[in-house]
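J.: Protein chains in written order, with our numbering: chain A, 1 to 289; chain B, 1 to 184; chain C, 1 to 253.
Simulated from the structure, these hints should not be mistaken for lab results.
All clues given are correct.
Label pairs and their calculated CB-CB ranges:
no., chain 1, residue 1, chain 2, residue 2, range
1, C, SER72, A, GLU194, 20 to 30 Å
2, B, ASP181, A, LEU23, 48 to 58 Å
3, C, ILE64, B, PRO138, 30 to 40 Å
Covered by chain A, per the in silico footprint, the following chain C stretches (three or more residues, Cβ under 8 Å):
no., stretch
4, 67-77
5, 112-119
Yeah, the Cβ is synthetic: ideal placement off N, Cα and C, and Gly gets one too.
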Amino acid sequence: MPLVAFTVGLAMVLMLRKIAARLQRRIGPPFLQPVYDIVKLYSKDTQISHGMIHEMGIIMAVGGYIAAETLLPVPGMDGLADKGGIVTLTYLLMIPQLGLALGVGQCANPNGSIGISRALTAMLAYDIPFILVVFGMSWSYGTTNLAEMIAIQQQAGMQSWGIIQMPLLALAGLMVLPAMLGKQPFEIYVAPAEIATGPMVEMGGKFMGGLFVMQCFQLYTVGVLYTTLFLGGGENWLSFLFKIFVVVAIPMSIAFMFPRYRTEDMLRLMWKWPVLVGLLGLAVVMIQV
Amino acid sequence: MTQELNVWLDKILGDIENVKIERKRSNRLRVDVDARALPAVLELLQGRASYVHLSAISCVDRIDDDEFELVYHVWSYEARSLVSAHTRIPRDPGVYLSIYDLYVPAAFFERDIHEMFGVYFEGSPDMGKFILTEWDGPPPMRKDFDSEKFVNETFNREQYHPQWLKDLEKEGGGITTPAEDARK
Amino acid sequence: MSKNKTLTKKDQMQQDKAQDGQQMLVDFTRPRTNPMANVFDGLVRFCQSRSMFMLHYCTGCGAIELPPAMTSRFDMERLGIQPMVTPRQADILLITGYVSVKTLKRIILTYEQMAAPKYVIGICSCTVNGGMYWQSYATAKVLREYLPVDIYIAGCMPRPEAIIEGLQVLMDDIKTGRAENWKRYFQNYDYYLGNQQKLFGDHWQTPTDIISEARHYDLITENTLGKHTALLEKHQAPLQALEMTLQQNRERV
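So that you can see chain A by itself, here it is in the shape it has in the complex (with noise of 0.2 Å):
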């Protein structure tokens, strides 16, 4: 299932960078750029290392998705998703910023400092409103096992999904999205030209290679998180992956309609609306039952 989350993962990057470059009259990457990138960095020559826990930093941030993407279901594979639930699923998203967290750690750069402090009360913003959805769909479906939500929602075809019977969760859900993904207008803590990619600042060679393809695994966690959880999973591949893809491509095609928002900011607006919105959707799921 890794494999296909990272090859699923790459498209997705693939996807975001041609939207972004169609919405600036681009023509955009080709088709195997991020392959390419990926190759590359992995190939340098040179590798500048900071110590053993810069290192075990990037493994633990990889390591976290991998982990993840054991317990999420796609089609015809549903892993460890009945076993370990999406209570275990939510846990294990934490680890990949907490490692990130050790090994800019050891860099010792003011402005990866910066930024890890930065993406950290990123996670706290986000996660509130990330919980209250999480928890009000299992209340809902009454159950914490990924594959028992999908064959609810299967039963009596898009009349069951999550994002019918449940609107104003899916409304906070999707205001998360761009947070989880740290696209624009969350993107405060990578802030290229201010504190130069924050978390990545001191990440060359193999660690950036790490990081591009932690971005791929990121993607495809939240995009199949959130078709699982509102969108009836998969039938088969091929709605599943469109379903995917749709989630992904939404708050990207939305992300340059907006400037920064600073990290206060960005706490207010997170525990304020999607948190409203969740906990109304809260109340409805909790009176329906």
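Mind docking chains B and C on chain A? Use the hints.
T.: For chains B and C alone, kept in the frame of chain A given last:
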């Protein structure tokens, strides 16, 4: 009101000895003043005539007269006019008084002039290196410093004279005039 | 008359350069016996040529030609060229315009922090020969003496088409394995360090220890060490972490 102030200013300045006043435009005044009287003139302009903004201090190397010309540009927001106070100091030893106590921004201009022309300002807070931190030669903006000679002694030049350029020159194109000839 | 004079000077300088052995490049690549290894190398080189992250060190006016080259008009991303913001992530160092002595220090620090294979592109006439600052006391003239430059894109300033064409030449060089100038920096470090010391003084030291890196990556030659590196080793201080403090009014060192 502006006109009034200007007239009044002309009158006041006219009272000081050794001051030559030349009004170029209604908002532009050139004052030629003796080096000893300059701080007094600036104090007067700042304290009594609202010229609170020091725009720049510029320096000109009058090597033929063996003098440095210092020009203090002060601006008044109320009168909306600029006064340029010119003064001359001998090139050797090239020491003058700082006006840091009148105008705080003068510290930067004086430091810059010290670096570029080697004029030492007594009473300026910092006469250390400012922009040319890598430089330890003579002050480079002095007229007696030959930049081109220095460059020729210090740096190599890229020698790129390929066949296509030679062919072009044979036909009368390319840049064939050496720098020495171009200057004539 | 004067032309003859400059010509003789030129010849002499060319002879000096030949003696410096600047152009020498010792090939340390291991001979490949496995035919698959060659295929693999070719594949890697192809990927390297198609994915170039550039760090544009915008020293001068040439930088103004880069935004049109990157954005919708000319779109460098078609060729896999992207801007990056830190030297650690970048492959190409674009030096766009005149290089003052003060800037040159920063350029060298930046260059040494990049991960190899790394390429230097000098854009504008100023990097070739000082350009219109040819008689300026503060401008370093020939960039090639301080860093191994892969490609010069001359012009004042070169148009985006010229920049992209230059980058394509570099891509071809990478693809065929000719763009290995970064090795030259390790292999002839004494020459480059000597030129740097001439400008910055004998106490010039960068945070990156090039000599041990050359030793580590097996790129050391008889030209790596010399009298200039001996001078460096005499006063070389080990790198120390910066003191971190939250005090508002720090004493200036």
